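*Asks:* The chain contents come next:
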Amino acid sequence: MAEAPGRAAVAEKAKAAPFKAKIKPIEDKIHCWPYLVRSEFVCSVIIMVVLMVWSIYINAPMEEPANPTNTPNPSKAPWYFLGLQEMLVYFDPWMAGVVLPTLIIVGLMVIPFIDVNPKGNGYYTFEERKFAITMFLIGFLVLWTSLIVTGVFLRGPGWNLFWPWEVWDPHKVVALTNVDLPYWGPFKYLGNPKVFGVELVGLTAITIYFALGVAFWFWKSKTSPTLQELGPIRYGIVASLVLTMMGLPIKMFLRIAFNIKYIWVTPWFNI
Amino acid sequence: MINLKDLKKTIFESQVWRSIFRHDYADTPRNRTLQVMSNVWMHLHPPKIRRHAIRVRFTWCMGGITFLLFLVLTVTGVVLMFYYRPVAEYAYADMKYLQFDVPFGMLMRNMHRWAAHGMVLTVWLHMFRVFMTGSYKSPREFNWVVGVLLLTLTLLLSFTGYLLPWDQLSIWAVTVGTNMARATPLLGHEGPFAQVVGVTPRYDARAFLLGGTIVGPPTLLRFYVLHCIFLPILASLLMIVHFWRIRKDGGISGPV
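As they're listed, the protein sequences go chains A and B.
With the numbering used here applied, the first sequence corresponds to residues 1 to 271, in that order.
With the numbering used here applied, the second sequence corresponds to residues 1 to 256, in that order.
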């Protein structure tokens, strides 16, 4: 630590240096009244007019009285939850309906505490926050929004996929060709080894998947200033959240391309 | 003939007028400040803000619109409550009554419905904008957390309201939505490790939510109370914190 300069030295310095006014530039501030309030007023009027006109011309939906004995096909959740309902195609309900939504909410809440990048605070920039913005866009635009669009527009009876120009055929036959990972491709020659009912192929696959995050830490943490800044705990949280989130598109890909249903089967839960 | 100038003076300098408005309307910096500071509603704002904070291209106005829609939903919602009974026998009939007999009933219902959908959208766009400007960064970390909770509450408010028309659309959407709860790990009877805890269809997370094993009359009452009392109060409390923290964290974010 540098020695604090003595009082005499400071006085000497002050004498030597020419006087310089240390006035902070006055912040560019404006009065809320009228500048902000009038914008808010105009904005409110526009929104109210749009909402009124919309509500006069378009009626809220109303169907027959509730009838617990008559299940419509398809039964859809409200549109903003269709992303979750769409995830049910790829994950079991405990995962798609409980664990993943919880992780979305918790994951959003921890963002300020795991993003240690001080740049990009209060202005639009992609250059200075490439990783954060990319991950957010993948989660929000690519996954969340596209799943909602799929759920709203492309899912018909039996939760089968229909293009908008196709007729919803309630008797559409879709071959159930999905298989679990141990019975797929090269793995079926392993004979589905299990320990206490826990199937090993899936356990290995998922362990390797999450071990990638650990391996990346050991590979890069010595050289990457970003990882050093993060530290092991924050890095662990970031890596778990990112890997879990990317698990969804990976599982979607495996299902659509290879008809793989579960990666991992245990007596208690399947992933 | 009445002298307008005298009349104006009599009114604006009367004790009654003076007791309500503490300052005159001449456009001076002092009055601009007082206009905000001496009015309880305007007092949500600081007297002055940084110039970029009113640029719509920066803020998208989404937080404000969300709040406006919340106010619209409160007003229209209270009107609807005058006519609607959360009882399985009456609920649907009351909706029809609102639609056909109540003056402006359908308009109130439409506005409530569309404002609710709009609020879900604007609250997402608000979060998107806040993320894109990095506004959750220090010192605004906590306000982001409050914002995420408010977003969750918005979805829950919308979801609980979805059941109230008590038509086919609502009960089946809520059936699908709440079916997930039966798969809650440990707490749902179809979830992982349910046997360990010993939950049954009648005593698990979903039954607690629905007040039974299916979406029935107890569910309607439960969702009504959540929708009209519990969730709005909770959301209001968090909104108070959210708005207050904007000021306390140095106004809305901006380039240093």
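None of these hints come from the bench; they were simulated from the model.
All of these numbers come straight from a predicted model, not from anything done at the bench.
Note that the Cβ used here is the ideal one computed from N, Cα and C, for glycine as well.
There may be inaccurate statements among the hints.
[Stated by the list, open to error] Pairs of lysine to any residue residues, derived as SDA-like cross-links and limited to a Cα-Cα distance of at most 20 Å, are as follows:
#1 B:K248 to A:V149
#2 A:K76 to B:N179
#3 A:K76 to A:V149
#4 B:K5 to B:P29
[Stated by the list, open to error] Chain A stretches covered by chain B per the calculated footprint, using a threshold of three residues with CB under 8 Å from any CB of chain B:
#5 53-64
#6 159-171
#7 202-212
*Asks:* Take the hints in turn and mark each one as holding or not.
*Replies:* Checked hints:
{"no.": "1", "hint": "B:K248 to A:V149", "in the structure": "violated (39 Å)"}
{"no.": "2", "hint": "A:K76 to B:N179", "in the structure": "holds (12 Å)"}
{"no.": "3", "hint": "A:K76 to A:V149", "in the structure": "holds (13 Å)"}
{"no.": "4", "hint": "B:K5 to B:P29", "in the structure": "violated (25 Å)"}
{"no.": "5", "hint": "53-64", "in the structure": "holds (count 10)"}
{"no.": "6", "hint": "159-171", "in the structure": "violated (count 0)"}
{"no.": "7", "hint": "202-212", "in the structure": "violated (count 0)"}
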